[in-house]
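**Student:** Residue-level listing of the chains:
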Amino acid sequence: MSGPLTDLDRPNSYIGRAVPRADAARLLEGRGRFVDDLQLPRMLHAAFLRSPYAHARVNGFDLEAARAVPGVHTILTGKDLEGVVEPYVGVLSHLAGLQSAPQMPMAVDVARWQGEPLVMVIAESRAIAEDALGLIEADLDPLDPVTDPEAALEPGAALIHDSLGSNLAWERTVDVGDVDAAFAADGVTTVERSFTFGRHTGVTLETRAAVAAFDPSTDQLTFWYSGQAPHMMQFIFAKHLGLMEEDVRVIAHDVGGSFGIKIHTYGDEVATAAAAKLLGRPIKFVADRLESFQTDIHARDHIVKGRMGLTADGKIAALEFDDITGIGPFSMYPRTSAIEANQVLNLTGAPYEIENYRARSRVVFQNKNLMCQYRAVGHPIAMAICDCLLEDAAREIGMDVAEVRRRNLMADDSYPRQSASGMKLADLSHQQSLEKLLEIMDYNGLRADQAQARKSGVYRGIGLVSMVEVTNPSPAFYGIGGAPIASQDGATVRLDAGGGLRISSSVTEQGQGTNGILAQIAADRFGIPIDRVRVTTGDTDTVPYGGGTWASRGAGIGGEAMLQAAVALRDQVLDVAAVMLQTEPSKLDIRDGAVTDLDGSERMTLSDLARTVYYRGNELPSDMKPELVATRHYRVTDFPFVFTNGAMAAQVEVDVETGMVKVLGFWAVEDCGRVINPMLVDEQVRGGVVQGIGGALYEECLYDEEGQLLNASMADYEVPMAAEMPDIVVAHVETPTRTSELGAKGAGEAGTGGAPAALMNAVNDALSPLGGRIHQMPMTPERILKALGTV
Amino acid sequence: MSQTQDITVTINGETIHATVPVRQNLADFLRNGQGLTGTHVGCEHGVCGACTLLMDDQTVRSCLTLAVQADGASITTIEGLGARPDTKALKAAFTNRNALQCGYCTPGMLASALEYIESGAPADRTAIREHLSGNYCRCTGYQSIVDAVCETIEGRQS
Ligand code: FES
Ligand code: FES
Chain A
90 MSGPLTDLDR
100 PNSYIGRAVP
110 RADAARLLEG
120 RGRFVDDLQL
130 PRMLHAAFLR
140 SPYAHARVNG
150 FDLEAARAVP
160 GVHTILTGKD
170 LEGVVEPYVG
180 VLSHLAGLQS
190 APQMPMAVDV
200 ARWQGEPLVM
210 VIAESRAIAE
220 DALGLIEADL
230 DPLDPVTDPE
240 AALEPGAALI
250 HDSLGSNLAW
260 ERTVDVGDVD
270 AAFAADGVTT
280 VERSFTFGRH
290 TGVTLETRAA
300 VAAFDPSTDQ
310 LTFWYSGQAP
320 HMMQFIFAKH
330 LGLMEEDVRV
340 IAHDVGGSFG
350 IKIHTYGDEV
360 ATAAAAKLLG
370 RPIKFVADRL
380 ESFQTDIHAR
390 DHIVKGRMGL
400 TADGKIAALE
410 FDDITGIGPF
420 SMYPRTSAIE
430 ANQVLNLTGA
440 PYEIENYRAR
450 SRVVFQNKNL
460 MCQYRAVGHP
470 IAMAICDCLL
480 EDAAREIGMD
490 VAEVRRRNLM
500 ADDSYPRQSA
510 SGMKLADLSH
520 QQSLEKLLEI
530 MDYNGLRADQ
540 AQARKSGVYR
550 GIGLVSMVEV
560 TNPSPAFYGI
570 GGAPIASQDG
580 ATVRLDAGGG
590 LRISSSVTEQ
600 GQGTNGILAQ
610 IAADRFGIPI
620 DRVRVTTGDT
630 DTVPYGGGTW
640 ASRGAGIGGE
650 AMLQAAVALR
660 DQVLDVAAVM
670 LQTEPSKLDI
680 RDGAVTDLDG
690 SERMTLSDLA
700 RTVYYRGNEL
710 PSDMKPELVA
720 TRHYRVTDFP
730 FVFTNGAMAA
740 QVEVDVETGM
750 VKVLGFWAVE
760 DCGRVINPML
770 VDEQVRGGVV
780 QGIGGALYEE
790 CLYDEEGQLL
800 NASMADYEVP
810 MAAEMPDIVV
820 AHVETPTRTS
830 ELGAKGAGEA
840 GTGGAPAALM
850 NAVNDALSPL
860 GGRIHQMPMT
870 PERILKALGT
880 V
Chain B
106 MSQTQDITVT
116 INGETIHATV
126 PVRQNLADFL
136 RNGQGLTGTH
146 VGCEHGVCGA
156 CTLLMDDQTV
166 RSCLTLAVQA
176 DGASITTIEG
186 LGARPDTKAL
196 KAAFTNRNAL
206 QCGYCTPGML
216 ASALEYIESG
226 APADRTAIRE
236 HLSGNYCRCT
246 GYQSIVDAVC
256 ETIEGRQS
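For the protein sequence lines, the chains are A and B, in the order given.
For what it's worth, my numbering labels the leading residue of the first sequence as 90, then goes sequentially.
For what it's worth, my numbering labels the leading residue of the second sequence as 106, then goes sequentially.
Simulated from the structure, these hints should not be mistaken for lab results.
Because the structure is a prediction, the values reported are computed rather than measured.
Glycine included, each C-beta is placed from N, C-alpha and C at the ideal position.
Check the hints yourself; a few may be wrong.
Stated by the list, open to error - Restraint ranges, calculated between C-beta atoms of paired labels, are given here: (1) A/Asp538 / B/Gln163: 36 to 46 Å; (2) B/Glu259 / A/Asp538: 23 to 33 Å; (3) B/His122 / A/Asp620: 35 to 45 Å; (4) A/Val880 / B/Thr120: 57 to 67 Å; (5) B/Gln163 / A/Asp198: 38 to 48 Å; (6) A/Ser252 / B/Gln163: 50 to 60 Å; (7) A/Glu239 / B/Arg261: 52 to 62 Å; (8) B/Thr120 / A/Lys875: 52 to 62 Å.
Required output: the full structure, derived from the provided sequences and hints.
**Tutor:** Below is the structure:
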């Protein structure tokens with residue numbers, strides 16, 4: 090019924106084409122609808138006093154002068170929200186043993202990171218609210234901060250939560266095969282490295298923002314926010330503010346970048362909603378950039394000791410590592426801050442045949458901002474551990490880094506199978522992707538260039554990575570552990586009287602082009618020009634119930650639901666048409682917005698059909714019950730995740746005098762299954778690579794020992810800008826997933842997950858003739874000079 | 106705190122008389138005072154470029170410019186860029202190359218890109234990258250933006 094997906098010659102064939110996004114028109118005219126653009130009658134504005142200390146006892150506040158500022162409406166402290174907000178705890182039952190403490194939107198007795206909200210001032214304007222903040226006297230007693238995760242586990246370390254008895258939030262180990270024997274075997278060369286992955290953060294250009302409006306007459310909360318998972322937030326506000334879920338409407342219109350940052354539960358937003366409920370007036374909160382750096386979740390922050398054994402013929406004998414990660418003072422609610430460590434254990438070495446694998450991760454509380462899921466959760470750590478050890482070990486035995494991969498990558502014809510850590514893998518193409526990568530980058534040519542450059546004292550390096558990416562998660566990711574996070578998504582397709590399609594979906598748009606690919610799929614499968622399709626996402630009142638966009642699931646899960654809904658509506662429309670035209674549905678088709686014969690000759694426009702159904706039902710047989718709307722839902726079954734794979738390479742030049750790294754070239758081969766829109770996928774990969782380059786070379790949230798964030802501005806926190814970035818060559822291998830008809834897997838996180846390892850390998854390749862090596866990200870000039878022993 | 110001043114400013118060709126707090130920046134005046142929400146704010150400290158617009162045909166950071174400094178000036182925001190000769194081609198190139206994802210950087214990026222294009226500078230990728238390096242984009246990785254600027258310049262020349 091649905092026809093081959095690759096037939097680009099059919100009318101209305103959009104799947105597989107570089108169709109520009111309809112949303113671009115609004116955004117290019119300055120007609121986006123971002124949260125801060127919203128103005129509501131009688132709206133008030135919130136600003137927060139935040140803890141200046143990483144750890145402090147909160148004794149109280151003198152609010153008198155602040156209250157006296159004209160235009161200040163209400164001031165609320167953490168204590169004032171007791172009884173208004175039910176505390177939340179970031180644990181999941183499938184992460185056995187994970188512990189965290191109850192959290193309130195604003196600190197009540199103890200502040201546990203610099204930037205934690207303490208007091209909320211609500212005023213007629215943000216400027217007035219900030220004026221009042223400056224007049225609040227806070228009575229705080231500084232406590233000993235615990236910032237270093239290794240020190241936090243020492244006996245006698247100060248406890249961040251007395252009630253938990255330890256600063257260890259979670260620990261997991263994996264032990265497969267006989268690791269000790271494998272390392273001890275004859276002829277095995279072992280390399281051992283200590284890695285440090287600094288903290289960085291999302292730096293979405295639009296900061297977190299929310300407008301909360303509460304109608305006491307109906308008990309209904311409407312919450313506009315800049316985020317990714319409206320239904321999850323609906324549950325959270327209902328549960329923690331004591332409302333019925335159906336009385337909470339969460340709306341996410343345009344979102345100015347998210348990358349996982351805006352999917353979490355932030356005290357600022359909960360307090361804003363609580364205050365709107367208390368006051369019965371709309372309240373807006375928009376984080377400023379300082380607040381973003383101090384309170385948007387941070388990512389990574391891992392210290393890893395790893396070793397790999399390689400046999401003389403270049404086979405991986407064993408891989409072992411010990412990871413410790415600092416997550417701030419709480420596990421983030423509701424997704425938890427243990428998922429990244431879990432991913433690191435699951436994913437490290439997953440592209441390769443590894444029989445002996447042992448790993449441990451410890452997740453530790455500390456007095457820094459919370460750490461949680463950001464784009465490519467765990468992937469940069471996992472890929473760097475394995476692929477950097479692999480390239481270092483290959484260098485040690487004198488083997489080429491492409492060749493060592495050929496000897497260890499799982500064979501493309503060996504699926505379905507499992508990774509060493511027990512992940513179910515299917516439909517991957519590591520070997521083909523590697524060969525394609527070597528071809529598009531001209532690997533041999535770059536090696537020749539490298540040798541030539543070295544002769545004149547120019548140090549270029551080439552680094553590769555073979556990677557997997559977790560996409561299309563099933564209920565096994567969150568739902569199974571009790572999180573209020575839908576793993577299925579829904580799509581509705583409705584034929585309107587004018588003959589156009591109104592489609593809606595529970596996956597969400599933050600710039601990836603979700604709305605665009607949903608329209609492509611619906612138009613393609615239903616048979617209508619794409620300019621007759623209108624899309625709604627991001628509104629719990631109107632879209633089907635579902636999880637939203639995260640973990641690279643929008644296209645694979647939301648797209649499949651849309652495909653199924655469009656196919657269903659097509660069948661329903663043809664049933665009606667067949668009665669009206671007195672023929673069989675199988676003798677009809679829908680093309681270009683009209684019902685046609687199989688040879689394409691038009692029988693009736695969709696508008697004629699719909700107007701007959703909607704206006705003149707009397708013309709239809711009375712036992713006919715036409716349905717011009719169809720809804721379908723989809724979830725991944727049989728696999729916990731649908732893995733994708735890729736191969737990437739970086740070419741860098743290291744200035745050994747200054748320690749500066751210039752990225753000369755970057756190549757990415759991505760197998761995300763069926764490509765729905767090659768332009769959008771390539772742009773996702775490129776944007777992801779640039780975020781990966783940022784994490785590898787520039788970006789770090791720097792704290793001092795007292796837990797003070799030292800670089801909380803865009804002048805001090807370095808992000809990739811246009812001048813430093815290379816052009817990025819993207820190519821594809823297409824191995825559709827067997828789990829859906831659409832065959833699409835995710836691609837949005839690949840670049841961020843893979844690029845850091847490729848860059849670390851490239852830098853170490855460049856430094857190798859000088860005897861220097863670096864295993865710390867970001868690889869700043871100072872650290873590179875230290876690695877070279879020149880400072 | 107609440108000291109105000111009267112200003113007269115031409116915004117996208119329209120003359121506006123307004124009374125503004127002297128401490129209010131131009132971005133807030135346009136967004137909150139005039140309802141021109143196409144100008145975006147990303148950092149409010151002059152680094153990200155999201156708030157870039159044209160004041161008397163020069164790009165300025167509207168977060169670092171006080172509304173009172175715009176007294177007597179002519180402002181072109183994203184909402185008024187369409188009146189400039191190269192805008193249509195540039196927007197088409199942005200659309201066709203997907204040189205915007207979330208679109209939050211786009212108003213400032215277009216203003217900076219137009220400044221480069223209108224100066225008659227060549228379609229030189231390195232020079233374009235340099236010129237755009239005051240505009241942060243977290244989504245695209247910049248390449249498609251550079252492509253779109255090159256395409257516009259090449260179209261202008263032919
Ligand atoms: S908001 Fe003006 S430069 Fe960032
Ligand atoms: S498109 Fe999102 S910041 Fe540039």
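**Student:** Now look at each hint and say whether the structure bears it out.
**Tutor:** Here is what the structure says about each hint:
Between A/Asp538 and B/Gln163 the Cβ separation comes to about 42 Å, which falls inside the hinted range of 36 to 46 Å. The hint said 23 to 33 Å for the Cβ distance between B/Glu259 and A/Asp538, and at roughly 29 Å that hint holds. A C-beta distance of roughly 42 Å is found between B/His122 and A/Asp620, which places it inside the suggested range of 35 to 45 Å. The beta-carbon spacing between A/Val880 and B/Thr120, approximately 59 Å, falls within the hinted interval of 57 to 67 Å.
Under the hint 38 to 48 Å, the C-beta atoms of B/Gln163 and A/Asp198, about 53 Å apart, miss the expected range. The supplied range of 50 to 60 Å is met by A/Ser252 and B/Gln163, whose beta-carbon atoms lie about 59 Å from each other. For A/Glu239 and B/Arg261, the Cβ-Cβ distance of about 59 Å falls inside the hinted range of 52 to 62 Å, so the restraint holds. At roughly 60 Å, the beta carbons of B/Thr120 and A/Lys875 sit within the given window of 52 to 62 Å.
The structure shown violates just one earlier hint, number 5.
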